[in-house]
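The listed protein sequences correspond, in order, to chains L and S. Residue 178 in full-length UniProt numbering sits at position 178 of the first sequence; the count goes up by one each step and never skips. Residue 210 in full-length UniProt numbering sits at position 210 of the second sequence; the count goes up by one each step and never skips.
For the record, the hints were derived by calculation from the structure and aren't laboratory data. Any given hint might turn out to be false.
[What the hints assert, rightly or not] Just some of the chain S residues that point at chain L, by a computed CB distance under 7 Å: (1) F40; (2) P41; (3) H45; (4) S58; (5) L83; (6) T89; (7) P100; (8) S105; (9) E350.
[To be verified] For the chain S half of the interface with chain L, some residues (derived, Cβ under 8 Å), not all of them: (10) V6; (11) N8; (12) Q9; (13) V43; (14) F47; (15) F67; (16) S73; (17) I87; (18) M91; (19) V99; (20) Q204; (21) G344; (22) V349.
[Stated by the list, open to error] Within a straight-line C-alpha distance of at most 27 Å, the following computed DSSO-like cross-link-like pairs (lysine-lysine) qualify: (23) S:K158 - S:K240; (24) S:K81 - L:K342; (25) S:K342 - L:K81; (26) S:K176 - S:K157; (27) S:K176 - S:K158; (28) S:K157 - S:K236.
Glycine included, C-beta positions come from ideal geometry on N, C-alpha and C.
Number of protein chains: 2
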Amino acid sequence: MLPFRVINQKTIEQILDMKSVIEKVEQAYTLKAQQEATLFPLVFHEFEPGKADMDIKSGHLTGANIFGMKLVSWFGGNTEKNLPQLIGTVMVLDSRTGVPKGILSGEHITCMRTGAAGGIGAKYLARPESEHLLVIGSGHQAPFQILATLVSMENVKKVSVYNARSYERAEAFCEKIQEKLLNMIALQFNDQDELRETYSKRCQIEFVPVENIEQTTREADIIITATSARQPLIQKDWVKPGTHITCIGADMEGKQEIDERLFPGARVFVDDVTQSVNVGELETAIKKAIVTPEVIVAEIGEVILGRVAGRQSAVEITIFDSTGIAIQDLLTADLVLAEAEKLGAGTVVEL
Amino acid sequence: MLPFRVINQKTIEQILDMKSVIEKVEQAYTLKAQQEATLFPLVFHEFEPGKADMDIKSGHLTGANIFGMKLVSWFGGNTEKNLPQLIGTVMVLDSRTGVPKGILSGEHITCMRTGAAGGIGAKYLARPESEHLLVIGSGHQAPFQILATLVSMENVKKVSVYNARSYERAEAFCEKIQEKLLNMIALQFNDQDELRETYSKRCQIEFVPVENIEQTTREADIIITATSARQPLIQKDWVKPGTHITCIGADMEGKQEIDERLFPGARVFVDDVTQSVNVGELETAIKKAIVTPEVIVAEIGEVILGRVAGRQSAVEITIFDSTGIAIQDLLTADLVLAEAEKLGAGTVVEL
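Isolated chain L (complex conformation) (with noise of 0.2 Å):
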């Protein structure tokens, strides 16, 4: 009999704060660049073309002696059920001897992870100074995208919400998004005083709701978009020169959001160079023979490691193609588990 962890959400909430996930995050990103890290096969699943699939993200972490996988179910039809539309689960075992370590649940480390993600490409690849950050997609993700661009770039004091189906929805964001920063780092840092203070200040700047999107991205000094849009939502001629982008949403085949254009001329980086040119922004690119896969300067873990150089000039502009990986969320996973190891959180059953 082994013992198990099995760590639900509402543990996972009170356990993660996004300053750690970024450290992580970028553990993860390193070890992938030092070769100690393995993605393994994706499987994928559609059980009604459009409307509801599953697939298993696996992979090894020799740098952290983990393995595991999440699996992800996306049934659209689930809200009128009342049912999370996506459910994901996290499981990490221990790779020097296959015992399984526990089951997570995997939303709130999906947004964190992704968040982070989003707050690693703009420190490592924004102009310091940048002032100004744009959100396009006011969803789930929105708020985590946030919170960790604010973590990671200190000089962000405005932050722009756009929504291209509907302004009413980012204005409805912008009134809520600091008082739901404000709880989230409230329960992410409940036992450290200082820096849920410090956190706290950092969310007291402008939330804008972007009516005139050309006019917002062309002020714009870091522009994130993390939405599931299927056509570019940010034109080439919009973006000023210095600007740095970070695409989330696309994750499968025919997902875009930034116009391919963009591409060739900036300095582009990615999270995993098969899945972006397969699955994430870049693919409609170099489908379309805009750019060739040659354009990826590095992963984004070469840069973390200082073996490849960033950003090389304050005009330049940088993308960073984020399509998500699942040692992200084995080494996150991993985290809530030393960490609730130690609190006696969880639930343990002996296997």
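Guided by the hints, dock chain S onto chain L, whose structure is given.
Frame of chain L, contents of chain S only:
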């Protein structure tokens, strides 16, 4: 928050009886034959070639409204660490909503469903009057093969057990097998006196360690191979007309238990054509061009459904190449979950 049931090995040992598992595995085979089951691509990773690996087998059973996966780790060095070499978990989800139903210890489920496969091979392909079962291999899987065959074949009254490396181990196995079977039956039918009685009586037969494998093969009616062999242990010339052979061991490239020359002229069935051809007992025969995949008459589900005849004469040799498919585990695990819910067994966690 979603309720999620965690079930450990001990509970599974109490819940699962071989008769019910045979029914579930037959259902898995027939759903597959009716195109109501899909196997997803296998994920396989070697941590250290020949020393440690893991695989993720997953699939969907439309006919049973479930999907899920089994993750199995094999770490050869675990024995020194007082840990099992093989460790597995099975996760079952509802395929109408994507909601995880539970996670279960995988070892006993695997043993039971693999035993059931052997029983089903004999039930549908052996001569009904078969009296003598020869089991090749005296390891962990052997008792399950024996129990399933005794449950399925009422005339079997002698079981010979062969260990290619050590007669002593086969001898020790035979000394203890009756007690072991009675214990399993007592657990499995602990609240069903009549069945417990019936099956306990069924074990009052002869168990004989094999000294001369050629001689015993010539006498056997049913042969089940359950080893990790990479060289044939049964030669073609030894096998008498009318014998049924179920090959359990071969489930990855390079494994082989019976003389590949047994396939031409035999009536051959498999659990899954792709797996048998690529990693099953058939692999070597096909690679050596002794037969083509056309030697496969059908998947066993077709026989269970009565769409394809199994054995057609008392003198032909029948072979069932069982490689093991995820949907066997999923249906068996789902049975455990249903029973556990009735009994209030296992640990329920809100995810």
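Do the hints match the structure? See the list:
| no. | hint | result |
| --- | --- | --- |
| 1 | F40 | holds, 5 Å |
| 2 | P41 | holds, 6 Å |
| 3 | H45 | holds, 6 Å |
| 4 | S58 | holds, 6 Å |
| 5 | L83 | holds, 6 Å |
| 6 | T89 | holds, 6 Å |
| 7 | P100 | holds, 6 Å |
| 8 | S105 | holds, 5 Å |
| 9 | E350 | holds, 5 Å |
| 10 | V6 | holds, 5 Å |
| 11 | N8 | holds, 5 Å |
| 12 | Q9 | holds, 7 Å |
| 13 | V43 | holds, 5 Å |
| 14 | F47 | holds, 6 Å |
| 15 | F67 | holds, 7 Å |
| 16 | S73 | holds, 3 Å |
| 17 | I87 | holds, 5 Å |
| 18 | M91 | holds, 7 Å |
| 19 | V99 | holds, 6 Å |
| 20 | Q204 | violated, 32 Å |
| 21 | G344 | violated, 15 Å |
| 22 | V349 | holds, 5 Å |
| 23 | S:K158 - S:K240 | holds, 17 Å |
| 24 | S:K81 - L:K342 | holds, 24 Å |
| 25 | S:K342 - L:K81 | holds, 24 Å |
| 26 | S:K176 - S:K157 | holds, 17 Å |
| 27 | S:K176 - S:K158 | holds, 15 Å |
| 28 | S:K157 - S:K236 | holds, 25 Å |
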